[in-house]
Structures are given as C-alpha cells and as structure tokens.
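Participant: Sequence:
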Amino acid sequence: MEEEIDLRPYFEALLQNWKWIFGISFVAALVALGVSFLLPKTYEATALVAVTRPGQIVQFDPRFEAVDDSQPLKAYPELAQSDELLQLLKETVNNDLEGMETVASVRGLVEAESGSDPSLVRLTARYSTAQQAARIANIWAELFVTRANEIYGDLGGGQVIFFEQQMAQSKSELEAAEAALIEFQSRNRAGIIDNQLSSLRAEQSSQLARQREIAVLLQDIQGLRDQLDGLPSTEPVTFADQLTALNLQVKAFDAQASIPLQLQLDPAGALTSADRDL
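Per the working numbering, the sequence shown starts with residue 141, numbered consecutively.
There's no promise every hint is true.
[Said to hold, decoys possible] Restraint-style ranges between C-beta atoms, simulated for each label pair:
no. : residue 1 : residue 2 : range
1   : Gly255    : Ala172    : 27 to 35 Å
2   : Ala172    : Ser222    : 32 to 40 Å
3   : Ala319    : Gly255    : 56 to 64 Å
4   : Lys214    : Glu323    : 53 to 61 Å
Read the hints as simulated data drawn from the structure, not as lab findings. As the structure is a computational prediction, the values presented were derived from the model and not from experiment. Glycine is no exception: its CB is placed at the ideal position from the N, C-alpha and C atoms.
With the sequences and hints as input, model every part of the structure.
Facilitator: Next up, the structure:
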C-alpha cells in the first residue's frame, strides 16, 4: 500500500517564516553587492596562437627522412604553463608588478587551454587593468611561440648559429680548394705531356704505316725478281716487266707523294736495263 506524502506542513512553515527567508536573502544580496564594489576590478585578455605545419621541409640527404607531422598539439597548453616559461614571463613583464612576484602568483593570473580546434592555443591573462592584462597576454604568447619553435620546430637560435658556422666553414674550405686547384694547374704539366704523347702517337702511327708500305714494296720487288729469274736468259725483258720495275722504283723513292707523274711511253723503248742480272 503506497504512502501519501503531505506537503501542507512545509508550505505552512514557508508561509509562516517568509519574512525571515526574504530578509536573509535580501541581506545576502546586499552583502554580495557590497563585496563586489569593494573588490578590485579584474580584466581579462586572451591571445590566440595558431599551430601550423612548416611550409618547407629541408632534406639534405635522401637517407635522412624529415617528418612533417611532429606537432604535439595536446602538449602545448602544458608547455605554456611550465615553470620555465612562467618564470621568463615574470622577468619579461616586470619583476615589480603587483601580483607577479613569484611563479605561483603568475600561474594564478594566467590560463592556457586548447581552442575548439586543437591547433589553436588560447592564452588568457587576468589583471586589475585592461592594458596590463593585454600586455601580459601578448608577451606570454610571444614567449610561448619562441619556445615552441625551439623545441618542436628546430628554429632556435642555436640551430641558426650552427648552420651559420657550417656555411662559413664550407665557404673557407671551398676557397682553399679553389686556391689549391689553381696552384696545381699552374705547375701541372699533364696538358703538355698529353700533347707530346699525342704527337708521338701520331708519329708512331705514321712510321708503322711507312714500315708496312716498305714491307709490301720489298715483297713486290722480291716477287718481280723471282718472276724474272724464272725466265730463260735468252728471252728479253718484256715491256710489262719494265713498267713494273719502273713503278717499284717510283714507290721506293716515294715519288707518289709529290706531284702526280704522267708518262707517255713508247712500247719500243726500254724503260730499264734489259739485262736480268742487273
């Protein structure tokens, strides 16, 4: 069997004590209003930092692959509120600024959180004046961007100094190498030796060709002699044999290298000695 709850005693108690309830609520509102007037005003300023991927990825060697997705978006709010960064913020803003004497006090004035998009970091600063709140938020954002780039973007001053030193060293090494090359070329006789070698090779080729021509000429002379020795001694030397002997003489004295020789021959005439012994 269900029990019925009677609410009439409660309503009767409220009606009987409504003056006390209203009075207490009115006094509490007055106290809250008074406290709000007595407390100093607090202004709030917010700076948004957008985390973007690098526009260019430098890869000096194909064996070393650059990773383009290396942005720890969830870690940025914690990095912004780290003791090191807040200490730097305190020193940069003003050591004597009221309410920012210690890192703990600075932590109570600032707040970092991710925006609707994880790539947006919202940095909020609160202070008694609007100008100081905006100044704290802007300085905090600049320090955070610099620090994040140094850690995750390899854009720190140390990296720049390192590459500048490497570039200066490479330039000096290049200049030294060029000077050494100029000095080597000034005393290098390789070109002269190459020219001399080419000249000697050409002369050698000419001599070898001349030797082959002489060997062929000797063979032809010997063949003509063998042919004439094979004929009877009483048989006269033919005109063809005389012409062959004349041609061999011309080749022997290198007459073909000069102006071409034209002869008008009489078959009845003798070109050489008709004596085979000679």
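Participant: Has the hinted range 56 to 64 Å been met by the Cβ atoms of Ala319 and Gly255?
Facilitator: holds, 58 Å
Participant: Given the hint of 53 to 61 Å, check if Lys214 and Glu323 actually sit that far apart at their C-beta atoms.
Facilitator: Hint holds: Cβ distance 60 Å, inside 53 to 61 Å.
Participant: Indicate whether the distance between the beta carbons of Ala172 and Ser222 respects the range 32 to 40 Å.
Facilitator: Between Ala172 and Ser222, where Cβ atoms are some 37 Å apart, the hint holds.
Participant: Does the Cβ pair Gly255, Ala172 satisfy 27 to 35 Å?
Facilitator: Cβ of Gly255 to Cβ of Ala172: about 33 Å, so the range 27 to 35 Å holds.
In terms of the numbered hints stated before, the structure departs from none.
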